[in-house]
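Put together the whole structure using the sequences plus the hints.
Protein chains in written order, with numbering that gives the first Met the number 0: chain E, 0 to 265; chain S, 0 to 177.
Think of the hints as simulated: they come from the structure by calculation, not from any bench.
Careful: at least some of the hints might be erroneous.
To be verified - What follows is a set of in silico ranges between Cβ atoms, one per label pair, in the way DEER data are often shown: (1) 200/E / 29/S: 38 to 44 Å; (2) 241/E / 135/S: 48 to 54 Å; (3) 36/E / 41/S: 41 to 47 Å; (4) 125/E / 36/S: 45 to 51 Å.
Glycine residues also receive a C-beta, built at the ideal position from the N, C-alpha and C atoms.
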Amino acid sequence: MTAIAAPTRRPAGWTVVAGRELRDLWAGGRALTLTTVYSLFLSVVVYLLASSTNLNFLEQRESVTLTAQLAIAVGALLAMILAADAISGERERSTLEATLLSPVSRRALVVGKLAAAFSIWVAAWLIVIPYIWFLGRGVDIVWEAIACTFVVGTLLAAGLTAFAMLVSIAVDSNRASLSVSLLVLLALLAPTQLPSSAQSGWAGESLYRLNPVTAGEHYVGKLLTNGHGWTQDLDWLVSPMIAAVALLLLTAVMASSLTLTGWRER
Amino acid sequence: MSRRSLAGLIAMAAAFATVGAAQAGAAGPQLQVDVDRTHVRTDLGTTVSVRTVTRNAGDLAAADTILHLNILSLERGTYVDPEDWSSDRTRYVGSLAPGGSVDTTWRVQAVTSGRFALYVTAVQAGKLTTGPVTGPAVEIDVAGRRTLDPDGVLPLAVGIPAGLALVSAAVRRRRRRA
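This is the structure in structure tokens:
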């Protein structure tokens with residue numbers, strides 16, 4: 000009598016794609032180069048902040064906030080760059096046809112690539128931890144800052160990565176995909192440069208709340224600089240949450256319309 | 000002295016007497032600001048509360064009363080930005096009836112170590128010429144503690160990018176060999 004072998008469970012298609020993409024990104028060196036540049040940027044910022052000997056208690060909290068906000072913005076930017084390149088880059092390198100012939104669904108393909116692009120945000124968050132610890136230990140906000148950076152950064156990076164992936168699915172040129180993604184990120188960050196008088200009032204506050212990037216960064220500021228509790232300004236996280244969920248769902252839905260040429264040729 | 004000039008002198012004397020009497024019984028609002036304590040000892044980063052009682056000791060209402068908190072350093076060379084200590088330093092308390100008072104609590108965060116004086120000034124918006132009234136100053140002693148070591152930043156700022164660059168170079172070299 001021969002023993003019947005137990006059926007082996009096949010891994011989900013998206014995990015296979017994600018594994019291959021992760022190896023490509025990290026063992027290929029591209030993600031490591033980006034994270035090295037990112038850490039260099041953080042080093043310059045933190046050096047300038049810490050070497051100022053006249054920082055008072057509040058300014059030191061503000062410097063932790065600034066570091067967390069920059070880490071979120073730049074970490075999300077890195078994830079966006081990788082996502083924007085994921086499909087349109089393969090189109091341009093003429094490798095998309097072979098990828099589409101692999102025995103996984105288009106949705107699994109897109110979700111796997113999305114997960115791999117998102118991994119750089121996780122790395123960016125791990126890298127910022129020592130910087131936050133250095134600046135924040137004297138003013139007792141290390142754990143709040145680390146946790147808050149993770150929560151807000153994850154929401155924003157998820158939404159922005161999904162958006163860049165949508166653009167990458169839609170356009171046939173890698174340059175167009177990267178340009179559109181970066182332009183949208185800059186437009187979302189632009190209101191942070193407005194004078195505080197323009198941010199107050201009904202219209203200014205509404206714009207700030209509706210824009211997921213400014214709303215998320217505002218929440219970080221209130222929690223870390225002003226010492227508010229986690230739940231006190233939770234309504235500011237509504238738009239980052241909605242944006243992340245809606246864009247991820249839209250990407251999963253639109254993944255089935257992934258074609259060799261993008262939407263232009265349809 | 001003629002009769003007319005004597006009458007003039009009497010009239011002038013009467014006029015002075017009338018003005019003097021009016022000034023002696025000067026009616027109007029009289030604001031006083033009192034504090035619940037005059038000395039606070041605290042640590043850097045701690046929020047302290049100071050309570051003031053603003054009273055109208057006059058016989059007329061003090062309309063449009065505004066209270067304003069200010070902080071200054073008692074030591075030369077210590078920079079103070081009162082906005083860093085409290086973002087809520089002006090209170091519009093409105094009208095204070097004769098004999099009436101208003102309690103105000105001021106929360107300030109000690110953001111710099113050293114010796115500071117905190118005081119509250121009361122101003123009436125419609126009577127600026129009578130001058131502001133200032134209450135007694137509260138001395139705040141803030142004990143310092145080291146919150147940031149600027150010397151320690153260099154190893155961190157250099158070490159992390161250098162470590163990542165080394166890993167990146169090792170990965171690339173391994174890939175090239177493979």
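Okay, the hints, checked on the actual structure:
no.	hint	verdict
1	200/E / 29/S: 38 to 44 Å	39 Å, holds
2	241/E / 135/S: 48 to 54 Å	53 Å, holds
3	36/E / 41/S: 41 to 47 Å	43 Å, holds
4	125/E / 36/S: 45 to 51 Å	48 Å, holds
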